[in-house]
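Just so you know, the sequences run in chain order A, B and C.
With full-length UniProt numbering as the guide, the letters of the first sequence map in order to residues 1 to 357.
With full-length UniProt numbering as the guide, the letters of the second sequence map in order to residues 1 to 357.
With full-length UniProt numbering as the guide, the letters of the third sequence map in order to residues 1 to 357.
Treat the hints with care, since some could be wrong.
One copy or two, either will do: identical chains are not told apart, so a pair holds if it fits within one copy or between any two.
Mimicking DSS-like on lysine-lysine, the simulated pairs with C-alpha atoms at most 25 Å apart in a straight line are [as the list claims (entries may be wrong)]:
#1 Lys200 / Lys251
#2 Lys287 / Lys34
#3 Lys200 / Lys48
#4 Lys251 / Lys153
#5 Lys200 / Lys287
#6 Lys15 / Lys72
#7 Lys344 / Lys333
#8 Lys15 / Lys200
#9 Lys101 / Lys135
#10 Lys135 / Lys153
#11 Lys72 / Lys287
#12 Lys34 / Lys48
#13 Lys290 / Lys200
#14 Lys200 / Lys101
#15 Lys101 / Lys153
#16 Lys34 / Lys50
#17 Lys343 / Lys333
In case anyone wonders, no lab produced these hints; they're calculated from the structure.
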Amino acid sequence: MLVSFSPEEIMAIVKPSATRGATTATIRGIASLKSARSGDLSFLGSAKYKADAAASQASILLVPADYAGDPKGEQSLLLVENPSLALSRICARIEQLLWPKPPSGVHPSAFVAETAQVDETATIGPLCVVEADAKIGAGTQVQSGVHIGRGAKIGAQCWLMPGVVVTAECQIGDRVRLQPGVVIGSDGFGYEFVQGRHEKVPQIGNVVLGDDVEIGANSTIDRARIGSTIVGEGTKVDNLVQVAHGVIIGKHCILCAQVGISGSTTIEDYVVLGGQAGVGGHITLGKGTKVGGQTGLSTDTAPGSFVNGTPARPYVLERRLEVLHARLPELFKRMDAVEVGLKKSSSSSPVGQDAAQ
Amino acid sequence: MLVSFSPEEIMAIVKPSATRGATTATIRGIASLKSARSGDLSFLGSAKYKADAAASQASILLVPADYAGDPKGEQSLLLVENPSLALSRICARIEQLLWPKPPSGVHPSAFVAETAQVDETATIGPLCVVEADAKIGAGTQVQSGVHIGRGAKIGAQCWLMPGVVVTAECQIGDRVRLQPGVVIGSDGFGYEFVQGRHEKVPQIGNVVLGDDVEIGANSTIDRARIGSTIVGEGTKVDNLVQVAHGVIIGKHCILCAQVGISGSTTIEDYVVLGGQAGVGGHITLGKGTKVGGQTGLSTDTAPGSFVNGTPARPYVLERRLEVLHARLPELFKRMDAVEVGLKKSSSSSPVGQDAAQ
Amino acid sequence: MLVSFSPEEIMAIVKPSATRGATTATIRGIASLKSARSGDLSFLGSAKYKADAAASQASILLVPADYAGDPKGEQSLLLVENPSLALSRICARIEQLLWPKPPSGVHPSAFVAETAQVDETATIGPLCVVEADAKIGAGTQVQSGVHIGRGAKIGAQCWLMPGVVVTAECQIGDRVRLQPGVVIGSDGFGYEFVQGRHEKVPQIGNVVLGDDVEIGANSTIDRARIGSTIVGEGTKVDNLVQVAHGVIIGKHCILCAQVGISGSTTIEDYVVLGGQAGVGGHITLGKGTKVGGQTGLSTDTAPGSFVNGTPARPYVLERRLEVLHARLPELFKRMDAVEVGLKKSSSSSPVGQDAAQ
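If we strip away everything but chain A, and leave its shape as in the complex, we get (with noise of 0.2 Å):
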């Protein structure tokens, strides 16, 4: 999409610690160092770049404050700490345009109960269902097709997506975003085996998600059985992530895609799960703990701990393992080749040689 910043603009969001060159150019768009053409702003977000960047057509790039070069004819260099992040402060601008946000107000198209408490600053968009004692706050943006069920309270300058489902009880944060299709609240995964039979065992819990929590598309999270299932303050959560039933997880953890953990685990601040790792049920992840993709973990790991594989080992050692699994083939050759080495020495052993005197 195209985009217009003046580079005074762009200073102002970015504040760098220092310039080198000028360009007059209109910022139009966003692009890499590569494909940047006049009027493009770029960024150099890591070393291995600089050839590119020196090579760069864009009219604007920003440059970690140790970089060396100079810019090209009408070229501005940014000098900033964190290229990537300023960038990222810029797109959130252009955010904006992409989604600008709508008026406040009920969309005519929506059903809000007459108990609901709507924020007069906050929009319900269209074909939106908000039920009895539902509660929206300051600012907060939902978009079509969302349900919120009875006596959810959703916090100030939360989006939720089209598609999104809050059930019953549950309570949400400020700025929570929740991406399309996410489903907040469902039923936990418990049964009584009674009689040849899986019983429903209710789950009268909730969930209940922190300030400044995202979620992404599609991903599930269970309302608990008694209680809550909590997700932390600033902890965010990819695509397509399954979270059980009173799982507790910290302040600002990472969830990578696909990634399930099941039932009553604690997951403690600033955990990192790769992508479709499996986490068991009621263990606790130490505060930091790294969990690499695919990972399958059914015990408790110490704070800082970095695992991997399946059955989950200390990172070292499972990829020492690894090396050494590769290395099987040769293994079994060299037990082939001391099994006869043993045979021919013990056949020309003393002992047989005393037998054969």
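Mind docking chains B and C on chain A? Use the hints.
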């Protein structure tokens, strides 16, 4: 959420075999042994929490029949065969408060085709679509934003939560629960490779769900190419599970979250599949097979099998292999030592001595 | 479901190279060789079912050109190059009965922005939202509850099933099918870690789907940070698949269910990814690469590779390692025996004898 049960109401639900102590407290909440306060009900679900039960402040404690402790102060112990099950039956009542059944009838914003048959005791919520010739049974609740395709049949006392999609011609039994975002009857994934392109194989079969089936949030069950994809009576499926076209699942199975089952596979009754397990196509899992989490299974299993790992192996063998795998560093060291020892032994062998003599 | 085709209609669709026998039966259903009855059509898809074909009661049998059998009674054999493909073409007609194309036009309950351009031959179903500047091509069918974001472009003859979400600025080619619950253009998962918090990296790119792409139910494709996430012409994606931001997928690929692809990875043409496979970020899979189910892949592959396992290895090596892994118990026993043998050998060695003498 706050609830209100008299001790007599609780007794009537759980039908204890005996009681100890007496309370007049109105039960206002359900809580764990440790967090329960006066006015709460709690339960002893596992013998290892006996000390917590003895110290619990709950006004009513559900305990197993062989529990030896005494009530404290104004506390009642209700002795029951299965405290967890007894709790479930109380929670079933609370669940009705969380999600009170709406009045029957069709919401004015729903679109119900003229040729669709909706039982007069069923409820069609706001913003639903019920296409031509579809049939909705007695007492069934269809929440908001649900799509029911042409000719689909939904049984009695079902509950279709927000955003569920049931496509054309699919059949659903009685007392089935479909959590939010479930898709029943998406196209099976089949193509013919013709002249460098994948030509679509139309999927004109359907999906048939038996009575008392439950499907978790955002799970997907594909329609068969011809015939039916079947999920048997009483089978429970967790969130984000994929069931491919032509799969036949028996009765009373358990499929944990993020399981995937490939096409035309048969899962017999009482099979349990752990989270993220993957099952290949065109195989049969014998009755009562248990499959560990993240297992990758591509061969038949005998009834009563318990398999684990990728590729799947009998559980005990897999665990033994895991242990030996972790001892590979030791094995390589032993091999080094053996080779050195053998070299030394053969260099000092009689043959060598002969040569030296 | 019941269908109705005369033998002549079937012949016109499958265009057999030869026929044997003749039937006047109206074809009422499609069934497997074994379950087919008079009035059904069946097909011999694999040589191993020849005996079933010979015994089949079907009125019309689609068989390969080299099939040697004779028709029984009032049966017709239609000789075709690829019976499975011929069946597909019949089923394509039946599919139109299952899902008859609705009349063109915009349903009165849909919200179409004034600046959106909907082709007059397109159909916008009930309860859809089409935002400003979106464009819907000729003959495209948008079913119920679909959200099409601001400026999104949908090509001609597409089919967007219930509950699909296409976010702002995304572009979709011609003849694309999006199964229910698909999310195109959710935010990519990117954050900068700043002062102990994950600061959102706005995702201002889009998603571009080529012609003839199909995406399975509840799959999610993230928009790029800048530029586009791309799925090439003719590529087919199964259910619950995750495609991260900035991924480039070539033409005519197959992504089976629950596959996950991390950010900025390139998948060249004709790649096949087995179910639940996970592909790391910033790598390239060469043309025609085959990846086994549940594989974990984090390095580039050469064109034509076939890899399996976690970590991924060439298929033949991986299978060999699996076999040797299962022989670890034997290897440990052999090691024990060798060590014992060596000890015995060296204790009876001349050196030892010397010492004893």
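Do the hints match the structure? See the list:
no., hint, verdict
1, Lys200 / Lys251, "between (32 Å within a copy, 15 Å between copies)"
2, Lys287 / Lys34, "between (40 Å within a copy, 24 Å between copies)"
3, Lys200 / Lys48, "between (56 Å within a copy, 24 Å between copies)"
4, Lys251 / Lys153, "within (20 Å within a copy, 39 Å between copies)"
5, Lys200 / Lys287, "between (34 Å within a copy, 22 Å between copies)"
6, Lys15 / Lys72, "within (21 Å within a copy, 66 Å between copies)"
7, Lys344 / Lys333, "both (17 Å within a copy, 20 Å between copies)"
8, Lys15 / Lys200, "between (58 Å within a copy, 18 Å between copies)"
9, Lys101 / Lys135, "both (20 Å within a copy, 21 Å between copies)"
10, Lys135 / Lys153, "within (5 Å within a copy, 35 Å between copies)"
11, Lys72 / Lys287, "neither (47 Å within a copy, 38 Å between copies)"
12, Lys34 / Lys48, "within (13 Å within a copy, 55 Å between copies)"
13, Lys290 / Lys200, "between (35 Å within a copy, 20 Å between copies)"
14, Lys200 / Lys101, "between (42 Å within a copy, 18 Å between copies)"
15, Lys101 / Lys153, "both (21 Å within a copy, 21 Å between copies)"
16, Lys34 / Lys50, "within (11 Å within a copy, 59 Å between copies)"
17, Lys343 / Lys333, "both (15 Å within a copy, 16 Å between copies)"
The structure fails hint 11 only (numbered hints given earlier).
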